[in-house]
Structures are given as C-alpha cells and as structure tokens.
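As a plain string of letters, each chain reads:
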Amino acid sequence: MSQTSITLRYFAWMREHTGADAETIDLPDGVTSVGDLLPLLRDRSAGHALALSNMRTVRVAVNRAYGDLDTPVSAGDEVAFFPPVTGG
Amino acid sequence: MSVRVQTEDFDIGVESRALQADSVGGIALFVGTVRGLSSDNGVTAMTLEHYPGMTEGELERIEADAMDRWPLERVTIIHRVGRLLAGEQIVLVATASAHRQAAFDAAQFIMDFLKTDAPFWKAEERDGKTSWVEARDSDTAARDKWHDDSASPSRSGSGD
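Protein chains in written order, with the working numbering: chain R, 165 to 252; chain D, 4 to 163.
Isolated chain D (complex conformation) (with noise of 0.2 Å):
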C-alpha cells in the first residue's frame, strides 16, 4: 500500500517497475493530465489545494477498499499539489494483481472514489483569470455505481 501527496512530478516507468513482484501478471496505470488550451476549456494552468492529514487518509480508506474488494497484490496512489502546467501529470492510481480484470477494476474503483472523496481542490487559470472548478454531478454518479454488489460498475455478476 502506498500514497504519496506531492507537488513533485512522478515518473510511470519508475513506478510501474516498483509494484512488479513474481506474484503479479498485470498491472494497470491510469495517469489523470491538465486538459491544456487546445480543449474546449482554454485553461492554461491550474493549482491543487489539499486537506493535509485528511487527503491522506481519505486516500488510504479508498485504497484499503479496494484491497478488500479485489485481489491486488499492490497499489500505488500519487497526487501531486501546487501549480501545474497544461499537459502536467496531475494523479497516478496504478494496481497490481495476478490478473488483469482486478487490475482494471480496482483501478477505476480508486479513481471514481478519490474524485468524490479525497479533498482536493483545483482552481484553473483562463485568460490571465482564477476560478475554482464545480464538483459534477457525473463524478458522483460514477461512485455510487460502485455502491452495488458487482466487481464492475459496467458487468453484472462478479466473474473473474
């Protein structure tokens, strides 16, 4: 289990080679950027504010659900703060397991929880101007499909 909060960049290689153990057979990476000027939105930067203490626990919660819910072997969260530049990496969920359908799904469990959950903040720069961007209701549609028994929010049933 691991889950670092960090203005730093992280490097996908370094991380994925990190959770690699004879044990596991896939390992799946979801890496979240800032959308940059050429999307609909124009922004050029934004900047992440966090509940140190809480972000970390709230991560470490999501992580441990997941863990009960699928057979990972390994899981690393990374969310970095500050300010970040169009094209940034933003956020990291990488998972670990013997096959690859807990690795997939315990990943998308992880992010839809920490979108809804973990207390972040961003605030996006467009035209020399700073505003704070609105939760969505689509974010916490996402999560609560999880608040069903089955392993995915897309599949009935739990098959492997």
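Chain R extracted, bound-state conformation (with noise of 0.2 Å):
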C-alpha cells in the first residue's frame, strides 16, 4: 500500500452488494473524515451505490475501532463499513 492509499473493507450483505471485501485506493486531496469518502465510494460501481445509499443502517469502523461519519480520515487507515452486528 503506497503512502498515499486507504483500505476499504466491506462485511456481511455490503460485502456482497460491493463484491470486494477490500479495496484500496488513493485517498483524493480534501477527504479528511468518513463522510467525505461517500461520495467517492458510491461512484465506483452501482453496488457500491446501494450499499452505501442508506447510511442509518451501516456501521463505520475506523482503523478496526468504532467511528462515525464526522470521524477523521489519513493515509495509511483502513476504514470499514458493515452492517449493526449480529453475533452471540
């Protein structure tokens, strides 16, 4: 991974609606949080899109530690996205 990339990982039905449980891409100047790289994400295919349509029922997990929308993005992270758990 270069010095300037971000990994995306994906679980559950989201994994599936984007068929890639990770990716990596550049991280485009001005993203700075999780909600900046929605956009982005949605563009890249129609799946993304649906996956990433209703942010309500997805859960974020920067650097594998819960996060939100307003949470900080940089180089080097590995940002998640998945639906509310159901283990146990």
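FYI, nobody ran anything at the bench for these hints, they're computed from the structure.
Note that the structure is a prediction, hence the values are computed from the model and not measured.
One or more hints might be untrue.
[Claimed, not checked] From the structure, some residues in chain R lie toward chain D, with a derived Cβ separation under 10 Å:
1. Arg-173
2. Phe-175
3. Trp-177
4. Ala-184
5. Glu-187
6. Pro-203
7. Arg-206
8. Arg-208
9. Ala-210
10. Ala-225
11. Ala-229
12. Tyr-230
13. Glu-242
14. Pro-248
15. Thr-250
Glycine included, every Cβ here is placed at the ideal spot set by N, Cα and C.
Assemble the dimeric complex from its two separately framed chains, guided by the hints.
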C-alpha cells in the first residue's frame, strides 16, 4: 500500500453488494473524514451506491475501532463499512 | 482474561474447569446455540462472518469493562465462526468470581455488549435460501440498560 492510499473493508450484505471484501484507493485531496469518502465510494459501482445508500443502516470503523461519518481519515487508515452486528 | 474466535467447537466442561481457582466461589456459563428447525424460524444452518482483528479487540474491551465493574477472578469468551448446523454451540461466556452475583451479572453484561458491539454477522439457511439476520432493537435496549450505574439491568442498587 502506498503512502497516500487507504484500505476499505466491507462485510456481510455490504460485501455482497460491493463485490469485494477489501479494496485500496488513493486518498484524494480534500478528504479528511469518513463522510467525505462516501460520494467517491458510491461512484465506484452501482453495488457500492446501493450498499452505501442508507447510512442509517451502516456502521463505520476506522482502524478497527467504531467511528462515524465525522471520524477523521488519513493515509494508511483502514476504513470498514458493515451492517449492525448480529453475533452471539 | 481469555478471548477466542474459532471455527472449532468448545467443551464447556474443559472451559469451566480451566476457570477454577482457590479464590473462585462460583462460575456462571452462558452458551448460545443455533435454534433449529423445530423452532418457529425453520433454520437448518447459519454461517457466521466476522472482522478479524476488530472482533478480538471489541471482545477484549467488553471483557475489560466487565472486570472493571465486578470483582471477577477470570473470564473466558469463545465465539465460533463459519458454518454451524442447528443445535450447535455458537458462543460461550464464562465468568468466575468469589460470589455468584458478580458472576451472573457480568456474564449477562458481556453477552449484552457482545450482541451489539462485536463485529459478527449471521447468515441463516432456510428452505435452501440464505439471508442475513437483521439486528434487533431489543438487543440495543438490553445493552443500554447497563448505561446507568446500577450493578444489574434488572435491579436497582449495587448490593452484593
């Protein structure tokens, strides 16, 4: 992974929509939070747009800790999107 | 402190004995299992997915919170992943303490937070079709009952 990229992770039905469990993208200028990433990710495919269409049903983690749309993102980070959890 | 995420089954006798110690007066064990065909949901199997790395971190955080809150001697959390058939064991929470109340309450606390915070997802097989399980508001409500300062969600006060 280059110094300017971030890793994206998707789980459960979001992974099925995006067609990938992980992908790496270059972090564009001006992207400083998870929320800033969303328009870029929705443009990647129709499946991405569907997966990320209703953020009320999506949870976010940055570097494996829960965050939200305001959580800062910088190069080298791992940003995960997933549905509310259903273990136990 | 012990957290394990694994595909293989676990033996509650082995796990219970592993928590025994001179200072322990009671061990509470909760085992979650896959509800089967004879229940109203008709599930024949389920597949559990998780977020390696984050899962263990969340379980360790929940365990540490429980150990801060109650006088626990030892705790074990085991959660299975992969495909499980109806009737199989999914999760074990075992808490050992000098006295029973801490063991009971801490086990419930750990399960309530595990259900809402640990990144696992279940896909159920029913009539040959697979569907993702949706999170339940009742699980969030069960967790949120712990956010006041009482020792137990069902009781007021913090007595022994």
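_Ascending list of hint numbers which this structure does not respect_ = Those not satisfied are hints 4, 5, 6, 7, 8, 9.
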